[in-house]
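Novice: Chains as they are written, first to last, in my numbering: chain A, 1 to 218; chain B, 1 to 523; chain C, 1 to 309.
List time: in silico DSS-like cross-link candidates among lysine-lysine, alpha-carbon distance up to 30 angstroms: (1) A:Lys82 to B:Lys158; (2) C:Lys193 to A:Lys99; (3) B:Lys27 to A:Lys82; (4) C:Lys49 to C:Lys193; (5) A:Lys217 to B:Lys363; (6) C:Lys193 to C:Lys31; (7) B:Lys363 to B:Lys158; (8) B:Lys158 to A:Lys217; (9) A:Lys94 to B:Lys158; (10) B:Lys158 to B:Lys27.
Calculated from the structure, these hints are not laboratory results.
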Amino acid sequence: MLDFSLVNVLGACLIITSMAVVLARTGRVSAQLYALQSAVLVALLVALGAVTGSTELYMWSVSAFVTKVLLVPGILLFTLRKVGDSAEVDLAPKLSPMKCVGLVAVEVFVCFVAVSGIDLPTAAAVKPTLAVALAHFFIGLTCIVIQRSIFKQIFGYCLMENGSHVALALLAPQAPELVEVGIATDAIFAVIILAVMVCRIARTTHTLDADDLAELKG
Amino acid sequence: MDMSQILVALLAAPLAAALAMAALPSKSVPRTAFVALHVASLAAVCAAGTMLVVSVFTGLEVYALGEWFHVDRLAALFVALIAVIGTCTGVYSIPYVRHDVEEGRLDPSQVKQYYAFFSLFLFSMLLTVASNNIIMMWVSVELTTLSTVFLVGVYGTKLALEAAWKYIIVCTAGVAFGLFGTLLVYANAADIMADAHQAVFWTAILPYAGQMDHGLMMIAFVFAAIGFGTKAGLFPMHTWLPDAHSEAPSPVSGLLSGVLLKCAILVVLRFFILASLCVGPAFPQVVMMILGVLSVCYAALMVYRQSDVKRKLAYSSCENVGLIAVCFGIGGPIGIAAGLIHCIGHGLVKSLMFCLSGNVMMKYGTRDLGVIRGVVRVAPVTGALLAAGCLAIAGFPPFALFVSEMGFVLGGVAAGQVAVVVIVVAALVVVIMAFAHVITGSVLGEAPAGVERGDVSPLALAPEVVLLALIVWMGVAMPGPLAASIGDATGIVLQQDMQDFAHDGWFVEISGVFAGGAEGVRS
Amino acid sequence: MIEFTVAVIQVLLLVLLAPLASGVARKIRAKMHTRQGTSIFQDYYDLAKLWRRCEVQPGGAGLVSRAMPPVFLGTMVIVAAGLPLIARACPVPLLGDVITVLYLMALPRFMFSLAALDSAGSYTAVGGVRELLLGVLVEPALILTLMVLALACGSTNLGVMADSVASLVAYPPVAVVVAGVAFACACYVEMGKLPFDVAEAEQELQEGPLAEFSGPSLAMLKLGMSVKQLVVASLFVAVFLPFGAASVATPLGLAVGLALFVAKLAAVLLVAAVIENAVMRVRYQFLGRYTWFVFGLAALSFVFLVIGI
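Let the sequences and hints guide you as you build the complete structure.
Specialist: Set out below in structure tokens:
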């Protein structure tokens, strides 16, 4: 069981949890599901480390655990508390659940087709998971586009970051930790600033609806 | 002094200033302290930048912190751009912020925020152009977004916050694409190179670029072009640009439009060089051409439609960045050189125009071009500068953009891309119409009743005069070292020695156009 | 010989247990609504009572109305005979093919709707049309998930599929799991329990197609509908939860398989009963939302299959 098929199975679980994050009704549930998704990501990094025998990946999984499973959901739940009652956070997305699921399925398929053209020795056995990592970009983008609540758009960005983490781990398992730490730190700062902006917007305009915040046009 | 130390000082100075300003409490410390720190930071950047650029132009290539930072001729052009425009807009910020505090648009406590983030912004841009580590290049591009978000939203109105949100979401999402492209390149390089830890450094990857996997490099370049193209304002990822650049304070808009877009273009260029070495120049050029032509056509039409002066200027930035991309898409020595000259020229022109729009806003209190009339009667110097600036943007001689646009046309025809040239020239004609309309409608005409006559303070006019002088200088007789460096930078982009083109009669003729003299471009 | 016995046991089991299952479900509903509820054997008494009554048919009803109840019950019995419930192989291989099963399950629905139209009553016609609507919406998901499983296991025979899943040979695994989840949702819709009992809406003032039947026909129809619910649940248990079914046809193995099957079926029905009593009936215009979501899940499992995860 401890071979690349475990990695692929975890990759599929990643897709399922990402879909759950996109479809979740309330912001609180989204944050918790994101923590779950990041936990699956950490498990995937550990599995990959065990399979490729790369110690850097174990270090990465520790830092990924701290930043993605603990820090980011913590920051987002804190933001929810700060926003409190000043604006409506839980708005329904613009696309019905079925269309979301269908769109995700199409994106995963397209990414798989795109990835099958890549010929990289480290990636040969884990092409399905590489397709999953690439698909996460588009799933994150989908989340940003279809969500009406700008708080939930932050999750789209976080999903994109998760996708690039998995891609880095798959393609370059021997990379020095500094690379991964740099990317993770930057992601944390971005999430913090996004959260601060959400708080300011909620305080000033009393709305988190992206349709309300679309006055600048043309 | 050792140039690598100068480089480190250049990066450290604005960062230190920003941190110092952040540490000081805003309530008890007087405003002048922050202004003083701001001026100190600008002076340091200007001084260190000048020393560095002069030494690189005279033949040195500077490395710092091992291989983490690297300033070659290409990067030196952009360092010079950041130093000059940063200083001018920084000096312009002082009367502008003072005016905003008097008007009540800015809280006195926000002054500290403004100056601190300004210095941080300068630091992040310098980091982007000087970095040799491709991962750090990405991190610094993200940092530019993060450091400017609060500057864009500093006025705190609903529109400003909306623009800031759109800016941060679109740019971080777009730049994440760039990260994916970077990772693909890094993984590919780490596979091929003997020492995988060297695979992060652009200069180390360069010799191995020819051996990389073609499919992977094509995907990586497309991702990098889309990702960092979002930051540069290429269509269709430009949606954040008009909002962010119009809602930000004018000096910040000038810096964003003039310099930040060019830093993003530099990062795209770095990947363009790698891709050209790997799969040949045809594919990257096609990608840049498509993005560029779409940007130019869409933005030209939108420029014409706008009645808000800053949105007009913002769309004009989109259009110019598209033109730069088309120049790189045409390729060859003439196309690339024209693109680089346009980077510099447009940086100067756009920051001039945004500062002037700031002056206009200080006098009229509005950005609506329907209300802004008779500027030359209300504020004569501003009016004259505005007229000159509009002509400069439209690409008239003797201003700098005329040189690069002529270079584009000649280069395009020489490369056989006549259809592209015709389309882009048609779009440029629309832009000329739009800015001629600004001159006749806003600069000339009857001044409205309620506006106070008399120009703005000299401190708010001096930077614009300096910028205009530079634009005219570049357009009439480009200084020899600058022209030579542009030639060498073109050589870096093409990864060829410029000597190879000395025998090409076409090229020698056209480079005479650039330098205002046949001996201008040193081979 | 042993297969014939197994088939007969399966049929008797499902037919005899069906009224008990619906009685228990009714009791659970009563308890969840804090009522006493009727005895769990009430359905047996009802069937016996109905069987003794004489039959009345509306004037315009023809052959279809007379033939429908036996066809309904009979088809369900035939399907029950062919499923690999107790053992990991189909007792009647001819009936064990997934395509055959799908067609055989479509036949009673078709006859049901036809009979509803045949009686020319307005409410019954509406009920029949809604039954067809439900069929159209849920069958794509059923077919797609079963096809995914067939591709994963390499055969359309239900017994081979059950064997592959039970011995964890089915590849790729996540596609099978997601297909299982989608199939469970589709089966729940197919069972016609709340919130999806659009055709035979028991809580409405005027019942659906069942209103036009009486006596033995009604008894067969009621029994047939209960058996259908059991058969659909058994299909899910047989294909996606075959763990414990006998791999070799020894009497001990079959006995163990029987006991485990009854236990699994009871668990599935218990979950279904709890869910059904927590929701209200969906408006038939919004049926599409739920069924399309299930279809989306099925499509996702298909994508996983193609990718190879």
